[in-house]
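Enquirer: For reference, the chains in residue letters:
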Amino acid sequence: MTTTSYGIEYTKVAELKGPLMIIDGVTKVSFDELVEIETVDGEHRLGRVLEVGFGKAIVQVFEGTTGLTITGTKAKFTGKTMEMPVSQELLGRVFDGLGKPNDGLPDPIADRFVDVNGEPMNPERREYPTSFIQTGVSVIDGMLTLVRGQKLPIFSGSGMAHNILAAQIARQASVVGTKEDFAVVFAAIGVQYSEAQYFKRSLEESGALRRSVLFLNLADDPAIERIITPRVALTVAEYLAFDLGMHVLAILTDMTNYAEALREISAAREEVPGRKGYPGYLYTDLANNYERAGRIKGKNGSVTQVPILSMPADDITHPIPDLTGYITEGQIVLGRDLFRKGIYPPVNVLMSLSRLMKDGVGEGKTRSDHMEVGNQLYDAYSRAQEVRALSEIVGRAGLTGIDLKYLDVGDKFEQHFLKQAPDENRTLEETLTRAWDVLSGLPEGELTKIKEKHVRQYYKG
Amino acid sequence: MSSNSALERMIGKVLDQKEAELISQIDSAYQESLDNLESSRGKLEAERTRIVEAARKQAENLKRQIIGSARLAARNQELLTIENAVNKAFEEAKKKLQASNSQDSYKELLKHMIEESISAVGGSNAVIIECNKNDAELVRKVVSELQNSGKVQQARVSDQYIDVLGGIRIKSADGTMTYDNTLDSRIERLKPLIRKNIAQMLRGVE
Numbered sequence: 001m002t003t004t005s006y007g008i009e010y011t012k013v014a015e016l017k018g019p020l021m022i023i024d025g026v027t028k029v030s031f032d033e034l035v036e037i038e039t040v041d042g043e044h045r046l047g048r049v050l051e052v053g054f055g056k057a058i059v060q061v062f063e064g065t066t067g068l069t070i071t072g073t074k075a076k077f078t079g080k081t082m083e084m085p086v087s088q089e090l091l092g093r094v095f096d097g098l099g100k101p102n103d104g105l106p107d108p109i110a111d112r113f114v115d116v117n118g119e120p121m122n123p124e125r126r127e128y129p130t131s132f133i134q135t136g137v138s139v140i141d142g143m144l145t146l147v148r149g150q151k152l153p154i155f156s157g158s159g160m161a162h163n164i165l166a167a168q169i170a171r172q173a174s175v176v177g178t179k180e181d182f183a184v185v186f187a188a189i190g191v192q193y194s195e196a197q198y199f200k201r202s203l204e205e206s207g208a209l210r211r212s213v214l215f216l217n218l219a220d221d222p223a224i225e226r227i228i229t230p231r232v233a234l235t236v237a238e239y240l241a242f243d244l245g246m247h248v249l250a251i252l253t254d255m256t257n258y259a260e261a262l263r264e265i266s267a268a269r270e271e272v273p274g275r276k277g278y279p280g281y282l283y284t285d286l287a288n289n290y291e292r293a294g295r296i297k298g299k300n301g302s303v304t305q306v307p308i309l310s311m312p313a314d315d316i317t318h319p320i321p322d323l324t325g326y327i328t329e330g331q332i333v334l335g336r337d338l339f340r341k342g343i344y345p346p347v348n349v350l351m352s353l354s355r356l357m358k359d360g361v362g363e364g365k366t367r368s369d370h371m372e373v374g375n376q377l378y379d380a381y382s383r384a385q386e387v388r389a390l391s392e393i394v395g396r397a398g399l400t401g402i403d404l405k406y407l408d409v410g411d412k413f414e415q416h417f418l419k420q421a422p423d424e425n426r427t428l429e430e431t432l433t434r435a436w437d438v439l440s441g442l443p444e445g446e447l448t449k450i451k452e453k454h455v456r457q458y459y460k461g
Numbered sequence: 001m002s003s004n005s006a007l008e009r010m011i012g013k014v015l016d017q018k019e020a021e022l023i024s025q026i027d028s029a030y031q032e033s034l035d036n037l038e039s040s041r042g043k044l045e046a047e048r049t050r051i052v053e054a055a056r057k058q059a060e061n062l063k064r065q066i067i068g069s070a071r072l073a074a075r076n077q078e079l080l081t082i083e084n085a086v087n088k089a090f091e092e093a094k095k096k097l098q099a100s101n102s103q104d105s106y107k108e109l110l111k112h113m114i115e116e117s118i119s120a121v122g123g124s125n126a127v128i129i130e131c132n133k134n135d136a137e138l139v140r141k142v143v144s145e146l147q148n149s150g151k152v153q154q155a156r157v158s159d160q161y162i163d164v165l166g167g168i169r170i171k172s173a174d175g176t177m178t179y180d181n182t183l184d185s186r187i188e189r190l191k192p193l194i195r196k197n198i199a200q201m202l203r204g205v206e
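Going down the list, the protein sequences come from chains A and B. Just so you know, our numbering puts 330 at position 330 of the first sequence, and the rest follows in order with no gaps. Just so you know, our numbering puts 34 at position 34 of the second sequence, and the rest follows in order with no gaps.
Treat each hint with caution, since some may be false.
Quick list of in silico lysine-lysine cross-link-like pairs, BS3-like style, CA-CA up to 27 Å [claimed, not checked]:
(1) Lys191(B) - Lys80(A)
(2) Lys365(A) - Lys419(A)
(3) Lys28(A) - Lys111(B)
(4) Lys88(B) - Lys133(B)
(5) Lys100(A) - Lys196(B)
(6) Lys100(A) - Lys57(B)
(7) Lys96(B) - Lys13(B)
(8) Lys200(A) - Lys63(B)
(9) Lys74(A) - Lys191(B)
(10) Lys88(B) - Lys100(A)
(11) Lys191(B) - Lys76(A)
(12) Lys43(B) - Lys365(A)
(13) Lys95(B) - Lys133(B)
(14) Lys196(B) - Lys80(A)
(15) Lys419(A) - Lys43(B)
(16) Lys43(B) - Lys412(A)
(17) Lys76(A) - Lys196(B)
(18) Lys151(B) - Lys111(B)
(19) Lys449(A) - Lys419(A)
(20) Lys74(A) - Lys133(B)
(21) Lys76(A) - Lys111(B)
Listed below are several chain A residues computed to face chain B (Cβ distance under 10 Å; list not exhaustive) [what the hints assert, rightly or not]:
(22) Gly7
(23) Glu9
(24) Ser87
(25) Leu91
(26) Asn102
(27) Gly159
(28) Lys453
(29) Val455
(30) Arg456
No lab work stands behind these hints: they were computed from the structure. Every residue gets a Cβ at the ideal spot worked out from N, C-alpha and C, and that includes glycine.
All chains should be built: construct the whole structure from the sequences, respecting the hints.
Expert: Below, the structure written as structure tokens:
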């Protein structure tokens, strides 16, 4: 007979402490085991075992412990870790932060059930990412190219347009010149209701929902749920990529809310706090999520990650962006000055970098002049910024002819290349044409980073 | 007389000059108009191409969006239909299960369930067994048989009946541990797997 052993229900709750519930007299309980909790009113919640020992189990309750009581609360240890049902049917569906349907449709019929903690990718089997993903956003495609299998975070600040950019990338992202399937897994972590509706509507109206899976954890959902949201999202991304062979772009916004939830649990467990009260294992925990991006040798699909995080007080040295930067392969930084000037997307290119761009662009991948044009734009804009600072002191009259040209190039870069409507989807060809429009404002001799043959071919001076 | 003809000649000359000047101005204006028309035509053509191109892109997007939404709506309708069919199948299965409680195999199942449950709560024999009213007699008989064979010692069948299809629920004597081994909970546990099988049958997948 098939065993249906399914765990024991305990009623001896010893203590409730923040998001944690301590249960006494437990046996045969494992670390990370899923716990089903029933309140006195019959409401069901989920939790997972954080620690076991001396007949006690510490359970982290995802929906929070508000409303739970010491007497009358039942906790059933299910004998398995938290799993996400996966199948191709997930595409076009909307779930909450724990992976439960949020679109009025039934539970997905699963091909299989996968542990949300994922399996670490064998480093030896990792394949180096080298193929381009087009986002339709000039500054990203042209200068900070995203490569399939890369993890490229967006560092933003409170109130800036990161969510609009995230939705735009989700709508527009595609793999060009190939018929391989592409999917977007979008995890909104601790976002406002209006933002969640915006993401959903934006994908629905653009017809992109059909190839997307949405996980929406709202700001008024218990903070602890946020621990699970990126995990269920990445589990689905891995399934779509490595089981179904799709190229998956996983957008996680906002990872700062995730780290806050981690801090809350750590405080409740009375762990020794690290920088700014975050747990000492913040780096490891973030790496566990970010390192789920990549490609595997012998498999068609890929998981590309764009985690978005808002830097508290725009501080790039804050532990969350700081540690994220160690793990990921570059960063896209949104600038407050550009945002105030009304430039969208307000990407501060001088602080941004895509470390894998060099391997994903050029002849046979995008266009032969792509890398050179990107480098020259960096150089020109950097010089323009210096000249701007100088003109603040000496005035335009004090600038040389070439300085004035750089000043104009800086303005044109922001207005013609960087600035883009949130619903404008530019092809790479269009992006590079605009880049040449900007660079052609300089004398030919200034284009030192571009090969002569490309200057001859594309320069419009 | 001669002064008049000189005046007329002069007037004629001025008129000729003016005429030539005007004709030249008209010619150049005409030429300018033609040039303007030509360049406007080019601009107009470019503008027309831009508008047509933008409209084509928009139409393509709209088409993609409409087709995408329609496909999604159809898929969602399919999911709901399958779910309804799956639920009906479960209802039917539950009815059949309820009707099969009198069979011999059910007695064997109960025996297995009691042994499994006691082992799950740590092998403690001091347990309370709960079941539905219809099964109470059979459960008591099975417990008595198990006690006679020495497999179970301090088990007691509760007089408080539970509203389930069948099977049993075991509680430790102090009430702090419960193991639910009812048919209802077994169905719930296996439901995700059974749903997949039913859905495959409905879709004609082998």
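Enquirer: Hint by hint, say whether it matches the structure.
Expert: Status of the hints after comparison with the structure:
About 16 Å separates the Cα atoms of lysine 191(B) and lysine 80(A), which keeps this hinted pair within 27 Å; it holds. Distance hint between lysine 365(A) and lysine 419(A) is fulfilled; the C-alpha atoms sit about 25 Å from each other, no more than 27 Å. Taken as a hint, the lysine 28(A) and lysine 111(B) pair is honoured in the structure, with Cα atoms around 23 Å apart against an allowance of 27 Å. Straight-line distance between C-alpha atoms of lysine 88(B) and lysine 133(B) comes to about 26 Å, which keeps the hinted pair within the 27 Å bound.
Restraint check for lysine 100(A) and lysine 196(B): the C-alpha separation of about 17 Å stays at or below 27 Å, so the hint holds. Simply put, lysine 100(A) and lysine 57(B) have alpha-carbon atoms about 37 Å apart, too far for the 27 Å limit, and the pair is violated. Of the supplied pair hints, the one linking lysine 96(B) and lysine 13(B) is violated, its CA atoms being roughly 121 Å apart against a limit of 27 Å. At roughly 19 Å between alpha-carbon atoms, lysine 200(A) and lysine 63(B) fall within 27 Å of each other, so this suggested pair holds.
Straight-line distance between C-alpha atoms of lysine 74(A) and lysine 191(B) comes to about 22 Å, which keeps the hinted pair within the 27 Å bound. Taken as a hint, the lysine 88(B) and lysine 100(A) pair is honoured in the structure, with Cα atoms around 22 Å apart against an allowance of 27 Å. A threshold of 27 Å between alpha carbons decides the hint, and for lysine 191(B) with lysine 76(A) the separation of about 18 Å falls inside it, so the pair holds. Restraint check for lysine 43(B) and lysine 365(A): not satisfied, since their Cα atoms lie roughly 35 Å apart, outside the 27 Å limit.
Restraint check for lysine 95(B) and lysine 133(B): satisfied, since their Cα atoms lie roughly 17 Å apart, inside the 27 Å limit. Only pairs whose Cα atoms come within 27 Å are accepted, and lysine 196(B) paired with lysine 80(A) is accepted, the gap being roughly 20 Å. A hinted pair counts as satisfied when its Cα atoms are at most 27 Å apart, and lysine 419(A) with lysine 43(B) qualifies at roughly 25 Å. As the CA atoms of lysine 43(B) and lysine 412(A) are separated by approximately 23 Å, the hinted pair is consistent with the 27 Å bound.
A C-alpha spacing of about 25 Å is found between lysine 76(A) and lysine 196(B), which places the hinted pair at or below 27 Å, so the restraint holds. A C-alpha spacing of about 11 Å is found between lysine 151(B) and lysine 111(B), which places the hinted pair at or below 27 Å, so the restraint holds. With a CA separation close to 24 Å, the supplied pair lysine 449(A) and lysine 419(A) stays within the 27 Å bound. For the hint linking lysine 74(A) to lysine 133(B), the alpha-carbon distance of about 24 Å falls within 27 Å, and the restraint holds.
The hinted pair formed by lysine 76(A) and lysine 111(B) meets the criterion: a straight-line CA distance of about 23 Å does not exceed 27 Å. Here the hint on glycine 7(A) is kept, as its CB sits about 8 Å from the closest CB of chain B, short of 10 Å. Hint status for glutamate 9(A): holds, given a least beta-carbon distance of 4 Å to chain B, under 10 Å. Interface restraint check: serine 87(A) against chain B, minimum CB-CB distance 8 Å, threshold 10 Å, status holds.
Contact between leucine 91(A) and chain B, as hinted, is supported at the beta carbon level, the nearest pair being about 9 Å apart and thus within 10 Å. Hint status for asparagine 102(A) relative to chain B: violated, with the closest Cβ pair at about 13 Å, above 10 Å. For glycine 159(A), the shortest C-beta to C-beta distance to chain B is roughly 30 Å, which exceeds 10 Å, and the interface hint is violated. For lysine 453(A), the shortest C-beta to C-beta distance to chain B is roughly 29 Å, which exceeds 10 Å, and the interface hint is violated.
Restraint check, valine 455(A) versus chain B: the minimum CB separation of about 26 Å is more than 10 Å; hint violated. Nearest Cβ of chain B to the Cβ of arginine 456(A): about 25 Å, over the 10 Å cut. The hint is violated.
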